[in-house]
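Novice: Below are the chains, spelled out letter by letter.
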Amino acid sequence: MSNQLVQILEGNTFVVSDDRGDIEASRTDPTGLFSFDTRFLSRWVLTVNGQRLTALSTDDMQYFQAQFFLVPGGGTVYVDAKLSVIRQREVADGFREQLRLLNHENSPVDLTIRIEAASDFADLFEVKDALKKKGKYGNELVDGCLVLRYQRETYARETWISSTEPASIDEKGFTFNITVPAHGEWSTELDVVASEGLADGPQAKAQPAPIGIRGQGRPRVREDMAHGLQKWLQKVPTVESDWQAVGHIYRRCLTDLAALRFSTLTLPGRAMPAAGLPWFMTIFGRDSILTSLQALPFTAELASTTLLALAERQGTRIDDFRDEDPGRIPHEMRYGEMTAFEERPHSPYYGNADATPLYVVLLDEYERWTGDAKLVRDLEQPARAALNWIDEYADLQGNGYVSYQRRNQKTGLENQCWKDSWDSISYRNGDFPGFPRATCELQGYAYDAKVRGARLARHIWQDTALADRLEKEAADLKRRFNRDFWVEDGEYFAVAIDTDGRRVDSLTSNIGHLLWSGIVEQSKARSVARHLLGPRLFSGWGIRTLAKGEARYNPIGYHVGTVWPFDNSFIAWGLRRYGFKDEAACVVAGIMEAAEVFHGRLPEAFAGYERAATRYPVQYPTACSPQAWSTGAPLLLLRAGLGLEPQGDNLIVDPALPLRFGHLQICDLPGRWKRMDAFGRGRVDTDRLMGRKLGGKQPPAG
Amino acid sequence: MTADPISQFFANLAAPGHLATFEGHSATLRFDVDDGGQAQHWYVAVNDGDVAVTRPNGVTRQNKGADAIIHVDRLPFEAIVTGRMNAMAALLRGVLTCEGSMAALMMFQRCLPGPPGSTGRVAPISSQTVMAQRRPM
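Residue numbers (the working numbering), protein chains in the order written: chain P, 1 to 702; chain D, 1 to 137.
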């Protein structure tokens, strides 16, 4: 039995198999060939003379390619193999698999090779929730292809399978009766295409139509993906540091980001970051925006594509099922059967309260780095609509604050902020507030969106009246916020205010985002920074989502005590914004050291245990890895460590790096200055500041 | 004819001559609406927010080269233009097909109405209610 899963992908098509390359999915087992949120193969099993194979080794060469070295026979008994079987698989709009058999005997050998194929055409949501299918299945042989087919009314999906070598094909698979000469080789290429079906059935067209591009006359192009990855790696800046791990972490980030790139049907050839691999390879407003922000100093293409793609799908009407409003930036897009039949709202779903203000933040930050005023002009309408949403549609309580409450009470999201699990927002005593909820970081984002929107209005849209109004509103919001959200007896900002205007008074990492947004009054900033690096929030590796001592604190609770690298990266940026260089360096040190332990790939979250207690960061189990915003975290931490900040046509470099970095240099940073190099030397003794050598419990100075 | 929601929809679309939601976009779309084997056509031309709608008798030289050609049956299209069916879901379902530019269809769907019952409002929920629904700590 093989348990180890191998996954490869390209765009939103991916294959998850066991280490032999076989797929044997059950209803809820997440293996298979998936494309556009639908499983196109749930069974793909290779046998030789009726025998299953055993993996000698498996190699995922690239994120889109894997190779399986196999021998006949199974189980634990040693097999004296006279035959090698090599499967090499590459994902395209389905996958191609080269199957090679090598005969090591001195005489020819007769073999029966069998590939069994089947598909349940499950929607990803069905895989998750184990739901029943409503349509009909039927397999056909068309022009030497095996076509697996599923149909429900006009919705049809097909899997087309063909082989370059002649085979006897039946409705369950391919059989090859072959003779391999002495010390000889036999091979075939199997081509599997995930296709959109026609209501009339596959006979009507006699060739597959890869999903989403029917009628576009686009031939099936097989891009040279290895070349594409190489080109991507050549375009980005280089990073070198005396701390060897930094270069390794950086390269891991770039390769993972490359794998997370995703092209939409409307913007072919352009890439935006999807949220996570493989289950979240789709447009997520929040994740795509935050990852684009993290990566901006290194590559601006992700940001521009994200801005364009989200504008195309920006809300234009009131739709309670999708929690859509005019101007709202989408939360999540899905393409599966349940979305198609409006059993799920993801076409797209709009239930988030942060992506819309963050959209304006990204647009402004993008212009500050690139000087691309044209895009800001092209996206003036969507940006204005986003700014309008903040005041017109997000102020659910009429109190001048952005709040959220789902209108789709069945399949909508309860918590529409980044901490979107059910128990993420609570009072100190563990009680939950009602709805609508106005969480604090949303007010920070709204403030930042107004300030940045004002800059764009004044300098690029030439609309002084709008700029004046936004600046006035921002100043007013900041004043009210610092009064209404401030928890006097704790000297920090409440995580939210509830329906009665009462402060939801637990201490959370959300206050770090407030520094990033700039909504915190100077007089309150030091106290916020002290909490962030204090013993209740700071674990030694990073800042916990919820502070120790709160009723719901749990070091292995999803949003109630774990440390999120992405969260920390934005907090580090925020600490720099308010001049807390040493504190920012502590966050940079903690998360980069964790990244080193995780071999360069930071998980979505890790446990909030005290660093001194576990010595290693303990990974929180998640289905997706890499996760886009965890992948982007080291990039933003490098920015925070070097203090990179565009100012007009110049790039300011103001390093405050942990000692460990020694010398750090980033060469060829792209931007309005064309290309620039940035250098820094690690001078902040973060070990001393974190008190690690003194026993691990002392809060840092400051 | 006034009872025909599709004609009504296109008449309303054309009436103002300009739609802010289309600003910055230019595209042409031809709708081939199948009414029991009989095709009806509408041709929409958008030029940086300016909207013109015509109703050609058939495929003409002008509308042959539309950026997007949308094929759809009358009944589901009536549901789409009155907000009872979501256009993007209909596309995924195969109820509506788009030949040519998907971007043109993405632009067009911006002017479609939301579901008839949607109000944008929902009653607040108190902390007590939320706590009652939750398992105790």
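Derived by calculation from the structure, the hints in this document are not laboratory data. Take the hints with a grain of salt, since some may be wrong.
[Unchecked claim] Reference listing, derived: stretches of chain P covered by chain D, where coverage requires no fewer than 3 residues with Cβ under 8 Å from a Cβ of chain D:
id	segment
1	338 to 344
2	606 to 620
3	656 to 667
[To be verified] Using C-beta positions, here's what the derived DEER-type ranges look like:
id	chain 1	residue 1	chain 2	residue 2	range
4	D	Gln133	P	Glu610	29 to 37 Å
5	P	Ala475	D	Gln133	47 to 55 Å
6	D	Pro5	P	Thr175	50 to 58 Å
7	D	Thr60	P	Asp391	40 to 48 Å
8	D	Asp4	P	Gly648	29 to 37 Å
9	P	Glu24	D	Thr60	28 to 36 Å
10	P	Thr175	D	Arg134	54 to 62 Å
11	D	Asp4	P	Ser421	31 to 39 Å
12	D	Pro124	P	Gln230	51 to 59 Å
13	D	Pro124	P	Lys472	27 to 35 Å
14	D	Pro124	P	Asp242	52 to 60 Å
15	D	Asp34	P	Glu171	28 to 36 Å
All values derive from a computational prediction rather than experimental measurement. Here a beta-carbon is modelled for each residue, glycine too, at the ideal position from N, C-alpha and C.
Novice: Next step is simple, just say for each hint if it's right about the structure.
Specialist: Each hint, compared with the structure:
1. 338 to 344: holds (count 4)
2. 606 to 620: Three-residue rule not met by the segment 606 to 620 of chain P, so violated; n is 0.
3. 656 to 667: Contact hint for the segment 656 to 667 of chain P vs chain D: violated, 0 residues under 8 Å.
4. Gln133/D <-> Glu610/P: 29 to 37 Å: With Cβ atoms ~34 Å apart, the hint holds.
5. Ala475/P <-> Gln133/D: 47 to 55 Å: violated (39 Å)
6. Pro5/D <-> Thr175/P: 50 to 58 Å: Once the Cβ atoms are compared, 55 Å apart, the range 50 to 58 Å for Thr175/P and Pro5/D holds.
7. Thr60/D <-> Asp391/P: 40 to 48 Å: holds (46 Å)
8. Asp4/D <-> Gly648/P: 29 to 37 Å: Violated - the Cβ-Cβ distance for Asp4/D and Gly648/P, about 58 Å, lies outside 29 to 37 Å.
9. Glu24/P <-> Thr60/D: 28 to 36 Å: Since the Cβ atoms of Glu24/P and Thr60/D sit about 55 Å apart, the hinted range of 28 to 36 Å is violated.
10. Thr175/P <-> Arg134/D: 54 to 62 Å: With Cβ atoms ~56 Å apart, the hint holds.
11. Asp4/D <-> Ser421/P: 31 to 39 Å: violated (48 Å)
12. Pro124/D <-> Gln230/P: 51 to 59 Å: Taking Cβ atoms as reference, Pro124/D and Gln230/P lie about 55 Å apart, which means the hint holds.
13. Pro124/D <-> Lys472/P: 27 to 35 Å: Cβ of Pro124/D to Cβ of Lys472/P: about 29 Å, so the range 27 to 35 Å holds.
14. Pro124/D <-> Asp242/P: 52 to 60 Å: holds (56 Å)
15. Asp34/D <-> Glu171/P: 28 to 36 Å: With a Cβ separation near 33 Å, Asp34/D and Glu171/P satisfy 28 to 36 Å, so the hint holds.
Hint compliance for this structure: hints 2, 3, 5, 8, 9, 11 are not met, and every other hint is.
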